[in-house]
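Trainee: With the hints as constraints, model all of the structure from the sequences given.
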Amino acid sequence: MTPSAAATTAGPTPTDRPVGPWLRAWRRTRRRPASAAGAVIVLLFIATALCAPWIATVDPIQGDWKQIRKAPTWAHPFGTDDLGRDNFSRVVWGARISMQAGVFSILLAIAVGVPIGLVAGFYRGALDQVIMRLTDAWLAFPFLILAIGLVTIMGPSLTNATVAIGLGATPTYIRLTRGLVLAIAAEDYVHGARALGAGDVRLMTRHVLPNIVSSLLVQATISIPIAIIAEAILSFLGLGVQPPTPSWGTMLNTAQQFLETAPWMAWWPGLAIFSLTLSFNLAGDGLRDLLDPRDY
Amino acid sequence: MFEFLVQRAAISVVTLFVISMIVFTGVRMIPGDPARVMAGTDADAAGLEAVREKYGLKDPIALQYLRWAALALRGDLGESIRTREAVVHTVATKLPITIELAFLSLLVAVSIAIPAGVLAAVRRNTLWDVLTSGASLCGVSIPNFWLGIMLILFFSVRLGWLPASGFVSIWESPLANLQRMLMPAFVLGTALAAVLMRQTRNSMIEVMSADYIRTAYSKGLAGRVVVFRHAIRNGLIPVVTILGLQMGALISGAVVTEQIFVVPGFGRLIVEAVFTRDYPLVQGVVLITASSYVLINLLVDVSYSLLNPRIRIRSSAGDA
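Chains as they are written, first to last, in our numbering: chain A, 843 to 1138; chain B, 6 to 325.
These aren't lab readings, by the way, just hints derived from the structure by calculation. Just so you know, these numbers come straight off a predicted model, no measurement behind them. The C-beta atom is built at its ideal place from N, Cα and C for all residues, glycine as well. Any given hint could be a false lead.
Pulled from the structure, derived: some chain B residues nowhere near chain A, Cβ distances all over 12 Å [to be verified]:
id, residue
1, Gly45
2, Leu53
3, Leu68
4, Ala97
5, Asp216
6, Gln264
Label pairs and their computed distance ranges (CB to CB) [stated by the list, open to error]:
id, chain 1, residue 1, chain 2, residue 2, range
7, A, Glu1029, B, Val267, 26 to 32 Å
8, B, Glu277, A, Gln971, 35 to 41 Å
9, B, Glu277, A, Asp906, 33 to 39 Å
Mentor: Here you go:
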């Protein structure tokens, strides 16, 4: 029973009053403090990425020869690295790289995967079979192996790593979209719209697509942390961001050589990745609840 | 049952065919003369001619593909540019190390995840359940290479209990081998354990609310007997599928883990091959990885149908 229906039958009690979507969202958020905290931390990371030049006032690339591998102090709260660069600045600027790679790769996956899945699910038949066999084959390449293969062909750089991660995530979106479209295209309102003379394009964009947006959004909150870790891994292996650009993955790669003398170099970049992905996952769990229409 | 197997096998063959086309096209997309790509930059004119001859690089592209695929099917994936060794041979020497690592991490994952997941489902909404869910979320979120570095920092650098890196063959000294494989196996097993734990919990919760479990309880059976004899059997079926799907993640994870702990396996091989521009080796490793993924998933599907008779019946009725 919806809250508004309850209000007409049971009378106006405080909990049954018809509420707007924002108030309802707020009430549900309050029930899940962990998810809310996750969302706040994700927003903080986004703010850090956007405002990096103002937060990290020390140059992340310029080293100071007198400050090589110094433990954390007030001047350098995260210590300095093997070239005397400020680790705090590098972690802050690294947020920008990670966010960029995470968000843009998934946007690419959505931009490629959703139209293909839409067409496959909508028209079905032989075209669908061909697309699905291709998707199966694409999925058979483990994510990292595929990314490594693509970076080998295209050469290592942040852009290529982002493209490789995006292409690796694409089949997931093809499958998801196709499955959702198959279910929605069978609904009465789609048949109704067709009977009223709506063309294929109108049906797909006006009737099918809006109904799968929330599922895509939820999937995106699952894929973005995976993409962020993937970028860090590629950079860690030397296949992503190239030095001296600060990236959490390359920082960890350097840190591994100095574990005995400068362990702090390994703490912060890893802690940054961990807290960002954990917050994303927490926020994603909450979003899934928030967007689930069954739970009223 | 037979029909189901044939159908599944046919799909796998089509998938393998598409995979081989993707790999073939991928190598052709590397800029430059294909003969040069396959023979290496320091090959002489005779070497280039030999490669052109072997792969028929003057023939139409479709014929080239067929020739390449026929060679690959016979186990000839060319030779490594760097070592001049057959790619198949190089892979065969590295693979057992990675299989050992994967097996150990699977052992770690299963022995943590299944008891913890079952207990979380049986004691639902207790502190234990919340703790397991939290641990599982952390396990999914933690980047495994950072976890590896932190373990080295703690157990090798700080405490000096375990060697930080290196490899000793299990035939040489099983104890030294295990000492060096312990941390890599744990790192690789963590993410898998996290996923398995969640899956075990969810599917056990579903099974525990089934009618036959209520019947078992009302017969007066002890809780232990119900869980172990009745619920686990059905509860673990979906877990088997997840294991199959996680194979890809396990292979990707092995690449990173071997890099951190300097384990000379399959994963380290591919990274080295990329850096030395050893294209035949990269091509071979990618092809072998993807093909084995397809085969493993075929095996998982078959074992799944053995575990769950309903799938067989449905497919022989013709609607699956």
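Trainee: Hint compliance check: list the failing hint numbers for this structure, sorted ascending.
Mentor: Those not satisfied are hints 6 and 7.
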